[in-house]
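Number of protein chains: 2
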Amino acid sequence: MRYRKVPDETVRRLPLYLRGLRFFSEQSPDHVSSKILAEFLGINPWQVRKDLSYFGEMGTPGVGYKVKTLTNQNQRILRLDSVHNAVLVGVGNLGSAVLAYQGFRTYGIEIVVAYDSSPAKIGSKINGVEVKDISEMWQLNELDIDLGIISVPGGAAQSIADELISAGIKGILNLAPDYIRVPKKIKVISIDIAMDFARLPYYIPAS
Amino acid sequence: MRYRKVPDETVRRLPLYLRGLRFFSEQSPDHVSSKILAEFLGINPWQVRKDLSYFGEMGTPGVGYKVKTLTNQNQRILRLDSVHNAVLVGVGNLGSAVLAYQGFRTYGIEIVVAYDSSPAKIGSKINGVEVKDISEMWQLNELDIDLGIISVPGGAAQSIADELISAGIKGILNLAPDYIRVPKKIKVISIDIAMDFARLPYYIPAS
DNA sequence: GCCTGTGAATGTGTTCACAGCG
DNA sequence: CGCTGTGAACACATTCACAGGC
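Chains as they are written, first to last, in our numbering: chain V, 1 to 207; chain H, 1 to 207.
Hint data in this document are derived by calculation from the structure and do not stem from the laboratory. No residue lacks a Cβ here, since even glycine has one placed at the ideal position from N, Cα and C. Treat the hints with care, since some could be wrong.
[Claimed, not checked] To list a few chain H residues with every Cβ distance to chain V over 10 Å, as calculated:
| id | residue |
| --- | --- |
| 1 | Asn93 |
| 2 | Ala100 |
| 3 | Glu136 |
| 4 | Trp138 |
| 5 | Lys185 |
| 6 | Ile193 |
[Unchecked claim] List of simulated lysine-lysine pairs, DSS-like, C-alpha gap at most 30 Å:
| id | chain 1 | residue 1 | chain 2 | residue 2 |
| --- | --- | --- | --- | --- |
| 7 | V | Lys187 | H | Lys50 |
| 8 | V | Lys170 | H | Lys50 |
| 9 | V | Lys184 | V | Lys121 |
| 10 | H | Lys5 | H | Lys132 |
| 11 | H | Lys50 | V | Lys35 |
| 12 | V | Lys5 | H | Lys125 |
| 13 | V | Lys187 | H | Lys35 |
| 14 | H | Lys35 | V | Lys35 |
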């Protein structure tokens, strides 16, 4: 199966494997089997094997996958082997929470600067990150930042995205409830927590 | 195509259509076409038509879909036509942000109580929602709550999920980076922002 | 002429079953 | 004998193309 196109769903699961590998590396073993890893993550063993096989032969028959090696390979594939700097725009409730959240660091991603339009917030520091005036976003060009997080209210995301892109950002995590139109070169991943929450009742049998 | 099984991906998009419909209802028109709606949401017209057709004939050829009617139908399908009460567990950064976030209300979901283990937080009110001691979660049984949000640190989600389920919760939005094992009757939707963010560099061409 | 609804065709992802290595 | 890697079978989702209603 070498050299076949990697399914997007496989890419989506790569960070999940990283999460599992991190867990097992804190435990004991040198090796994990697809079965053990899958069980921990709540998926099937053959899915794990198939996913990993897209990138070459990663494991050893009869033994499993070497935790450390697989972690490194996985990080390299996701380009998480080098540090990525990120900018966050919109220091509201969600934006502040994201700033305070340490979870990105474990993947080698660091938020180095934030922007907001509210005078009350500009100049302050949240979790060690300086909040600057949104009208100074052009300065981003000077910095080595390739990722952006948009956590502004609905309706405002498109113009922020445009600014981020013209400031050289290559990938955007969009937390606003807006569809944003971008050039093909730019990758957008959108999360709308309210939308995900809203489909939960569908699955609940009538009370 | 009547009476065929509704694809999960279609259900996932229903709240998206609701988002679009809300936008257009604030504008002018009685009707929207699949083309207009699709363009606003960043998807294809035929996807919109196919999705909606699973639930019967919703539109009028030559005219489009009636905004108000489609909104009502959509809400009924998602069971968002009645109010749902929710509980949130874990009033950290993310949990507080979610409490303060108004976005759920527009879907008819209301967080009515929160729990945390930190004495500093217990007894306080965040955005009008009282924070109670996590050891009192059994009291949930008394209330009419069917949804739960888990926003505790990684590693703690499973035990919280167990408690929520034994307190009668039917659906869980899991924001913690944990896989949680639940009975078949219970629906879990998991969001791991860090994980989604972490696959962004994969799509960015080498700098 | 415009727009919906939908079978058919296509594309994509998952699951299976097993050959082959350690 | 356990576990990986993978073609093949299957399941699911998207896209197309167009018949038919307004």
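Comparing the hints with the structure gives:
The beta carbon of Asn93(H) is not kept farther than 10 Å from every beta carbon of chain V, the shortest such distance being approximately 4 Å. The beta carbon of Ala100(H) sits about 4 Å from the closest Cβ of chain V, which is not more than 10 Å, so the claim that it is off the interface is violated. Residue placement check: Glu136(H) keeps its beta carbon more than 10 Å from all beta carbons of chain V (closest about 23 Å). Consistency note on Trp138(H): stated as away from chain V, and its beta-carbon is indeed over 10 Å from all of that chain's, at 20 Å minimum.
The Cβ of Lys185(H) does not lie farther than 10 Å from every Cβ of chain V; its closest approach is about 8 Å, which violates its non-interface assignment. The beta carbon of Ile193(H) sits about 6 Å from the closest Cβ of chain V, which is not more than 10 Å, so the claim that it is off the interface is violated. Pair hint Lys187(V) plus Lys50(H) holds up; C-alpha atoms about 27 Å apart against a cutoff of 30 Å. About 33 Å separates the Cα atoms of Lys170(V) and Lys50(H), which puts this hinted pair outside 30 Å; it is violated.
Distance check on the hinted pair: Lys184(V) and Lys121(V) sit about 34 Å apart at the alpha-carbon level, beyond 30 Å; violated. Taking the CA atoms of Lys5(H) and Lys132(H), the gap is near 42 Å; set against the 30 Å cutoff, the hint is violated. A distance of roughly 38 Å separates the Cα atoms of Lys50(H) and Lys35(V); the hinted pair therefore is violated under the 30 Å criterion. Note on Lys5(V) and Lys125(H): the hinted pairing is violated, with a Cα-Cα distance of about 51 Å set against a maximum of 30 Å.
As the CA atoms of Lys187(V) and Lys35(H) are separated by approximately 24 Å, the hinted pair is consistent with the 30 Å bound. Distance hint between Lys35(H) and Lys35(V) is unfulfilled; the C-alpha atoms sit about 45 Å from each other, more than 30 Å.
The structure shown violates the earlier hints numbered 1, 2, 5, 6, 8, 9, 10, 11, 12, 14.
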